[in-house]
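S.K.: Kindly produce the complete structure, drawing on both the sequences and the hints.
Protein chains: 2
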Amino acid sequence: MIPEEFKLDNQLCFRLYTASRLLSQAYHPLLCGDGLTYPQYLVLLVLWEKDAQPVNDIAKRLFLETNTITPLLQRMEKEGILKRTKGKEDARQTIVTLTRKGKNLQKKLAEVPQTVGSAVTCDSVNPETAPELFRMLDDIIARLSLPKEPEVR
Amino acid sequence: MIPEEFKLDNQLCFRLYTASRLLSQAYHPLLCGDGLTYPQYLVLLVLWEKDAQPVNDIAKRLFLETNTITPLLQRMEKEGILKRTKGKEDARQTIVTLTRKGKNLQKKLAEVPQTVGSAVTCDSVNPETAPELFRMLDDIIARLSLPKEPEVR
DNA sequence: TTTATTTATATCGTTCACGATGCAAATATA
DNA sequence: TATATTTGCATCGTGAACGATATAAATAAA
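Chains as they are written, first to last, in the numbering used here: chain A, 1 to 153; chain B, 1 to 153.
Worth flagging that the hints you see were computed from the coordinates, not collected in a lab.
Yeah, the Cβ is synthetic: ideal placement off N, Cα and C, and Gly gets one too.
Do not take every clue at face value.
Simulated crosslink set (DSBU-like; lysine-lysine; CA at most 30 Å straight-line) [said to hold, decoys possible]:
(1) A:K7 with B:K101
(2) A:K101 with A:K83
(3) B:K7 with A:K7
(4) B:K7 with A:K108
(5) A:K50 with A:K108
(6) A:K60 with B:K50
Some but not every residue of chain B turned toward chain A, in silico, with C-beta under 7 Å [said to hold, decoys possible]:
(7) T18
(8) E49
(9) A52
(10) V55
M.R.: The following block contains the structure:
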């Protein structure tokens with residue numbers, strides 16, 4: 001017999017990892033028609049909320065590093081969904097701006113949230129219980145995303 | 001103003017995706033000393049529970065495809081953590097068996113579950129509330145992992 | 001103002017995920 | 001028993017994640 005805490009069925013992380021993967025998979029058929037991946041869809045959500053943001057702001061909003069989203073943004077630029085231009089005030093920044101095509105995708109994808117929503121709704125997860133689930137996930141995220149203090153020298 | 005359902009803060013999937021990534025990251029410092037990744041750790045959890053399983057059983061237990069874990073198992077074999085041998089009854093199967101080293105890792109990693117556990121514990125997520133969170137995640141997983149019916153012909 | 005440090009982004013290498021495809025062994029059907 | 005289908009696994013290509021490193025611009029310190 002192995003210790004309780006090593007059992008897969010007692011692992012929070014495995015559940016999060018699996019639920020996350022399966023839910024991303026549920027987005028796939030809804031996004032791939034427009035040549036989008038789920039992480040690219042997340043970038044669109046960020047830019048629909050506020051256009052013309054530097055790479056760093058998008059990365060921070062998604063809790064990702066710039067080395068993850070830079071290639072992703074480059075692919076989206078190649079698809080004509082957005083533009084990447086050098087910042088005028090700060091020449092180090094790359095400002096990401098939606099193209100007409102990128103903005104129009106919002107209308108084309110109008111059904112996505114609803115469709116995915118009904119795909120996950122079940123006994124224990126529904127409009128009534130969602131706030132509680134959201135709160136727990138937000139707390140986990142907050143707990144784990146605390147900025148690491150810089151090395152002491 | 002964009003529609004409510006497009007706001008990042010209303011997305012379940014984004015929360016799952018972020019929480020999953022951050023929690024996997026929390027495992028990294030605990031596993032990398034032994035040359036392990038988080039998905040490899042999951043394979044170990046499966047094999048510690050029951051050794052000598054075919055690739056397909058491991059994949060199913062983790063809700064993954066064999067094309068994902070085959071290379072992963074090959075890397076773990078190269079590290080001497082497990083062996084891959086052809087099945088005797090069914091020659092198509094590859095049976096995965098832990099080596100001494102793979103079995104011993106359980107003792108070396110004894111602190112891992114506890115350490116990660118205390119890293120996520122917070123107001124809303126604790127031993128008392130965990131069962132509720134587990135139930136919701138399990139329901140989502142069950143809802144999304146229903147076998148897709150084969151094409152009608 | 002030189003020089004040092006920090007910041008914003010990009011590049012690189014490795015490891016997943018995962019759809020698509022290939023292949024051989026096992027099973028079902030004719 | 002010959003043929004067709006299914007099953008188990010592997011290979012391939014693409015797109016993330018992410019640690020490590022590089023580079024240029026901005027800022028701070030000397």
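S.K.: To test your reading of the hints: which numbers does this structure violate?
M.R.: The structure breaks hints 3, 6, 9, 10; every other hint is satisfied.
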